[in-house]
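Trainee: For reference, the chains in residue letters:
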Amino acid sequence: MFEMSSCHALFRTRRAGALAALAAGVFILTAAPASAQQMDISGDWAARVHEDQPHRGPGAELGDFSGLPINAAARQKANHWDASVLTLTERMAQPHPAQYFMRGPGPNMRIQKRVDPETGELVAFTLEGVFGRNDRIIWMDGRARPSQYAEHTFEGFSTGVVEGNQLIITTTHMKYGVIQRNGVPASPKSVMTEHFLRHGDQLTLVTVVDDPVYLEEPFIRTSHWVRSSNINPDQRWVFEVVDEVADRKLGYVPHLPFGSVQDAFAKHHNIPLEAVMGGKQTLYPEYEARLRQLVQEAAAAGAGQGR
Amino acid sequence: MNRRITRTARAAALVLGAGLVLAGPALAQTPVGAVSLDPEETITINGMEVLHVRGNVYLIAGGSAHVVMQVGDEGVLLVDTGDSGESERILAAVRAVTHRPVRYIINSSGEPAHVLGNGPIVETYGGARGPRPQQVGGRVGNQNSGVIVISHEGAYNRMSASGAGSAGLSGDALPASTFFTAKKDIYSNDEAVQIIHVPSAYTEGDVLVFFRGSDVIAAGEIFNTTGYPLIDREHGGSINGVIDGLNMLIDLAVPERNQMGGTRIVPSHGRIGNESDVVEYRDMLTIIRDRVQEMKAKGMTLQQVQASGVSLEYDVLYGSTTGPWTTAMFLEAVYAGVGGQ
Numbered sequence: 001m002f003e004m005s006s007c008h009a010l011f012r013t014r015r016a017g018a019l020a021a022l023a024a025g026v027f028i029l030t031a032a033p034a035s036a037q038q039m040d041i042s043g044d045w046a047a048r049v050h051e052d053q054p055h056r057g058p059g060a061e062l063g064d065f066s067g068l069p070i071n072a073a074a075r076q077k078a079n080h081w082d083a084s085v086l087t088l089t090e091r092m093a094q095p096h097p098a099q100y101f102m103r104g105p106g107p108n109m110r111i112q113k114r115v116d117p118e119t120g121e122l123v124a125f126t127l128e129g130v131f132g133r134n135d136r137i138i139w140m141d142g143r144a145r146p147s148q149y150a151e152h153t154f155e156g157f158s159t160g161v162v163e164g165n166q167l168i169i170t171t172t173h174m175k176y177g178v179i180q181r182n183g184v185p186a187s188p189k190s191v192m193t194e195h196f197l198r199h200g201d202q203l204t205l206v207t208v209v210d211d212p213v214y215l216e217e218p219f220i221r222t223s224h225w226v227r228s229s230n231i232n233p234d235q236r237w238v239f240e241v242v243d244e245v246a247d248r249k250l251g252y253v254p255h256l257p258f259g260s261v262q263d264a265f266a267k268h269h270n271i272p273l274e275a276v277m278g279g280k281q282t283l284y285p286e287y288e289a290r291l292r293q294l295v296q297e298a299a300a301a302g303a304g305q306g307r
Numbered sequence: 001m002n003r004r005i006t007r008t009a010r011a012a013a014l015v016l017g018a019g020l021v022l023a024g025p026a027l028a029q030t031p032v033g034a035v036s037l038d039p040e041e042t043i044t045i046n047g048m049e050v051l052h053v054r055g056n057v058y059l060i061a062g063g064s065a066h067v068v069m070q071v072g073d074e075g076v077l078l079v080d081t082g083d084s085g086e087s088e089r090i091l092a093a094v095r096a097v098t099h100r101p102v103r104y105i106i107n108s109s110g111e112p113a114h115v116l117g118n119g120p121i122v123e124t125y126g127g128a129r130g131p132r133p134q135q136v137g138g139r140v141g142n143q144n145s146g147v148i149v150i151s152h153e154g155a156y157n158r159m160s161a162s163g164a165g166s167a168g169l170s171g172d173a174l175p176a177s178t179f180f181t182a183k184k185d186i187y188s189n190d191e192a193v194q195i196i197h198v199p200s201a202y203t204e205g206d207v208l209v210f211f212r213g214s215d216v217i218a219a220g221e222i223f224n225t226t227g228y229p230l231i232d233r234e235h236g237g238s239i240n241g242v243i244d245g246l247n248m249l250i251d252l253a254v255p256e257r258n259q260m261g262g263t264r265i266v267p268s269h270g271r272i273g274n275e276s277d278v279v280e281y282r283d284m285l286t287i288i289r290d291r292v293q294e295m296k297a298k299g300m301t302l303q304q305v306q307a308s309g310v311s312l313e314y315d316v317l318y319g320s321t322t323g324p325w326t327t328a329m330f331l332e333a334v335y336a337g338v339g340g341q
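Each protein sequence line maps, in turn, to chains Z and V. The first sequence: position 301 = 301 (this note's numbering), numbered continuously. The second sequence: position 255 = 255 (this note's numbering), numbered continuously.
Derived by calculation from the structure, the hints in this document are not laboratory data. Only a predicted model underlies this, so the values are computations on that prediction, with no experimental measurement involved. A couple of the hints might just be wrong.
[What the hints assert, rightly or not] Pairwise CB distance ranges, derived in the manner of DEER restraints:
no.	chain 1	residue 1	chain 2	residue 2	range
1	Z	Glu297	V	Asp251	28 to 38 Å
2	V	Gly309	Z	Gly164	44 to 54 Å
3	V	Ser320	Z	Lys280	50 to 60 Å
4	Z	Leu197	V	Gln304	46 to 56 Å
5	V	Asp190	Z	Asp263	57 to 67 Å
6	Z	Val261	V	Ala328	23 to 33 Å
7	Z	Leu197	V	Gly165	24 to 34 Å
8	Z	Val295	V	Gln304	32 to 42 Å
9	Z	Pro257	V	Met329	20 to 30 Å
10	Z	Ser84	V	Gln304	23 to 33 Å
11	Z	Val261	V	Ile186	44 to 54 Å
12	Z	Thr193	V	Thr44	23 to 33 Å
Think of the CB as a built atom: it goes at the ideal place given N, C-alpha and C, for glycine as much as any other residue.
This is chain V alone, in the form it adopts within the complex (with noise of 0.2 Å):
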């Protein structure tokens, strides 16, 4: 730990150094950047990554979907809880950074691969929190105690429904907190949590999750460097919600300086990006969605929209062809989400 802790500080100093000569006096506090690509700032446990995102916030990367936990003396806050069978794998990459309890827990949306591990992390830390009239082991259980989930109503609502498509959860799994608003605010580990909803995006139940202290937006399913965005169209989601939920992050978001750095933004898959990442997944979103709007309206067919290559600078990027979510599908939903003649 002295070695990881003295190899820190040397490349800390090192990178001051390298920004004191750089700037001179008047901007000897700017650093230059790459401190945050340290490696040694990665934990590998269970196959699950933890990477300091910034402030008091981390990422847990290695699962179905991004988990992002924020930690400070008053416990953990974790912005989802993974898929099915997760919970184990995450719960030990929690400890490997701090063994505080979990307090909070926020799901970004209802989608079963960000929420099934509600439950057995709930319970893990001693239930729901809240009322508790029923004898635990014999005595009244602590209301301070446990784990609060927070949602929007539109993610309660398909988390507890059944069926394809459907977390299917029950009991402490599901939110015992939720609203309907356009946002929701709490303070947890000295900073303010703001909870922001994204109508109509992948579903009618996004939230991005604000940092505010930390400079960390977790963004849930509206951001994804690995592929196009997922949009349920049955559950009320549209391309033209999901771009303005990145418009939201663009607008949240400040650069430190010449669009480098600044607000951090976690992706529900892939990398850690700041506001340029997000201004160019917004602008191939907003391209493509235009695209197929003038086609739509010239009258194409969604087959002829698919075959004409619309997508295809991006495609190698973002795109699939097989798998639950492919471009086919993606340009079915843009093509449903945009009117027409």
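Just chain Z, with the same shape it has in the complex (with noise of 0.2 Å):
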């Protein structure tokens, strides 16, 4: 009886009160921690990038900011972001941050249960592979936040709780990043609220970023995978630093000049710019009108200027 002999090993100085003990002992043990009986997300997991694949695989094109909440402080960094920052040896091989790298690309998963050698309890769950190997520690052994003044990392520092069907994540202690590969930042003020929901083998992810600095409502997107036993987590733990470009000093920092709009993706693939630029407004069905007066403006502009 595996349960009766933990439990006499656990309990073994009390006889009054290791019956009650004992009881409760093998009670917790046949019945294991609540958790991990709600919600286990642990196992390899192939990401599916179906939804929003333009986004995750080649990256939003440039100036394509549309369904983003952002505010104007957020369009004004995105519209002078130069895709060249990134050839900056101080630059190039940073990792995705968290607020962005659950999307992609991919990433494939796997995740592990962490527990306690001596206890048995559940102290995290660490997910690997995603792009940077920034790989993310989620606490589950309710431990306090860090300091104010405690390092902020690209993985942040995550918490979860299980609530039903759920897995609740809270992310805070992000360094600056982005929500989207096109420039469109997240601030380190950022707070990330992730629900893991799991479906048999498959696994759905809800992500919401609330940004004080830089969102005018919280940013809300949804990411899959698959459970399977054949996925190829991304290996590369260095990215090598190298001189892309000879003649760069450091300090040298390239941005667009002020006033910059990115106006490229509106004008190929004849969008109304307002509506690229995003803000909450152009997120909901309202905006629809607004769209269309938009199209009949510039329509009408066209003919204008074809007379």
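Using the supplied hints, reconstruct the complex from the two chains, each of which is provided in its own coordinate frame.
Mentor: So this is what it looks like as structure tokens:
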């Protein structure tokens, strides 16, 4: 009897209390921790990137900020972002930040349970294989958040709790990053709440980013994985830093001139510029009327020019 | 205490285990990051927080400006000493980590909030180190006891001056050891400590303090994760000097891998960082500087620049409309520090 012997080992000093403790121990060992029973996301998971694939594989086009509830400050940052900044030696090896990396590319993930070797309690999930290998630790042991003066990291500091059929993760202490790979920023003050939902071999993640610096309202998106025994998590542990451009001096920072507007996406797809510049008003069905109005205005202006 | 050690050891084992599993044999010694985020590494005492940064180096936060502490068998080295009235709390924080005496103070600038604790702390630990012809308690004092205060000469000049914006220090509170060259080296607690002058940054007397063994740099007012950098033009400061200082930091710092970890940089205010945090700050200042320079070259006035939204994307993070250092004052300093028509 595994339960019996385990309990005897644990409670061998006080016979009076041992019986009650034994009963409790048997219950605990048979029942298993509630959190583990209700929600176990461990395993190898293959990303399904059919949702928003162009944003997740190739990456969003320059100037495509559509669907993002960004404010004017974020829009100004994104409009002046020059992709050449990633050729700087001090930037070319940076990983994707937590506010973004669950979206692309992939990632195929290996999630492992980490248990206390003495008590068997679930201490954390580790989530491995993201781009740049800033692998995450989701602390499940109820530990406190670090000081406001503690270092922020690309993966952030994450704690998890199980509520119903969800694993809810709260992440703080993230570095300055992006929510999209075309320069749309995320600030170190952002807080990310994630909801893992598992249905058999299907795993869905609902990510909510609150950012008082750059967002008008929470930014929400979903990602999807399928359990697989044949995944290949990103193995690139160290990105090599090389000289990509010969004449760059330390201190050179590529950026577009003040007042720039990245309108290539709108022009290429013949979409009114306002509609692709983001903002909470562009997220809702009511915006369709405004979009139709903009299209009509653009058509009228075009017709006027053609006369 | 045993419980703390056990929990820390468990966390370390867990993280190491994760690293072993993740990386395979060739990379088995590289752990997953986040050990430095262990909240048990923070001690709070009298409103001051003590965080272990790396190696021998700790951060004392919660005062007017950060104090950095190096601890070892030789005693304590402090980078800066806080504002007036903060010395007791700073010393309580020091004693929470070690009972060794303070042996060195390095002032990162002459800013009053960084140096007004010099006097009380030097007095607490037996006065200034060095020759003492006078009788102390009936005996000649030991020349090897006490505290050496070190600063750049420019910082000394500001500390010793009187008037607005100056600390007005005298006696043992003033640095006994100053330098006017690019760098001064000392060796403390088994590691080289380089005191590197950053010309014309916040003032004319700023230094970075590089703990080479611990791989930590105390950046003083050159780096601030909570606000735009102070630029005191009356005392030789300039936007280009601050940016040059940030580039010096980037040049000195080496990340462990993929811009993560590695050399840690402690700002004057805000959170501990590494190279990537300094890069973000440097990029921000460089972009604002370049924009203001272009506007000025086109003939725009200061008021037009301030009203243009030139720093809009950074103002919520670093700017202020009230207090001693507003966004308007920062932009004025930038405008004055760049070439124009």
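Trainee: Now tell me if each hint is right for this structure.
Mentor: Structure-based check of all given hints:
1. Z/Glu297 <-> V/Asp251: 28 to 38 Å: 52 Å, violated
2. V/Gly309 <-> Z/Gly164: 44 to 54 Å: Given a distance of about 45 Å, which is inside 44 to 54 Å, the answer is holds.
3. V/Ser320 <-> Z/Lys280: 50 to 60 Å: 26 Å, violated
4. Z/Leu197 <-> V/Gln304: 46 to 56 Å: 53 Å, holds
5. V/Asp190 <-> Z/Asp263: 57 to 67 Å: 58 Å, holds
6. Z/Val261 <-> V/Ala328: 23 to 33 Å: Holds, at about 26 Å.
7. Z/Leu197 <-> V/Gly165: 24 to 34 Å: 58 Å, violated
8. Z/Val295 <-> V/Gln304: 32 to 42 Å: Holds, at about 36 Å.
9. Z/Pro257 <-> V/Met329: 20 to 30 Å: 25 Å, holds
10. Z/Ser84 <-> V/Gln304: 23 to 33 Å: Holds: the Cβ-Cβ distance is about 29 Å, inside 23 to 33 Å.
11. Z/Val261 <-> V/Ile186: 44 to 54 Å: At roughly 53 Å between Cβ atoms, V/Ile186 and Z/Val261 fall inside 44 to 54 Å, so the hint holds.
12. Z/Thr193 <-> V/Thr44: 23 to 33 Å: Distance hint for Z/Thr193, V/Thr44 holds at roughly 27 Å.
The structure fails hints 1, 3 and 7 (numbered hints given earlier, in ascending order).
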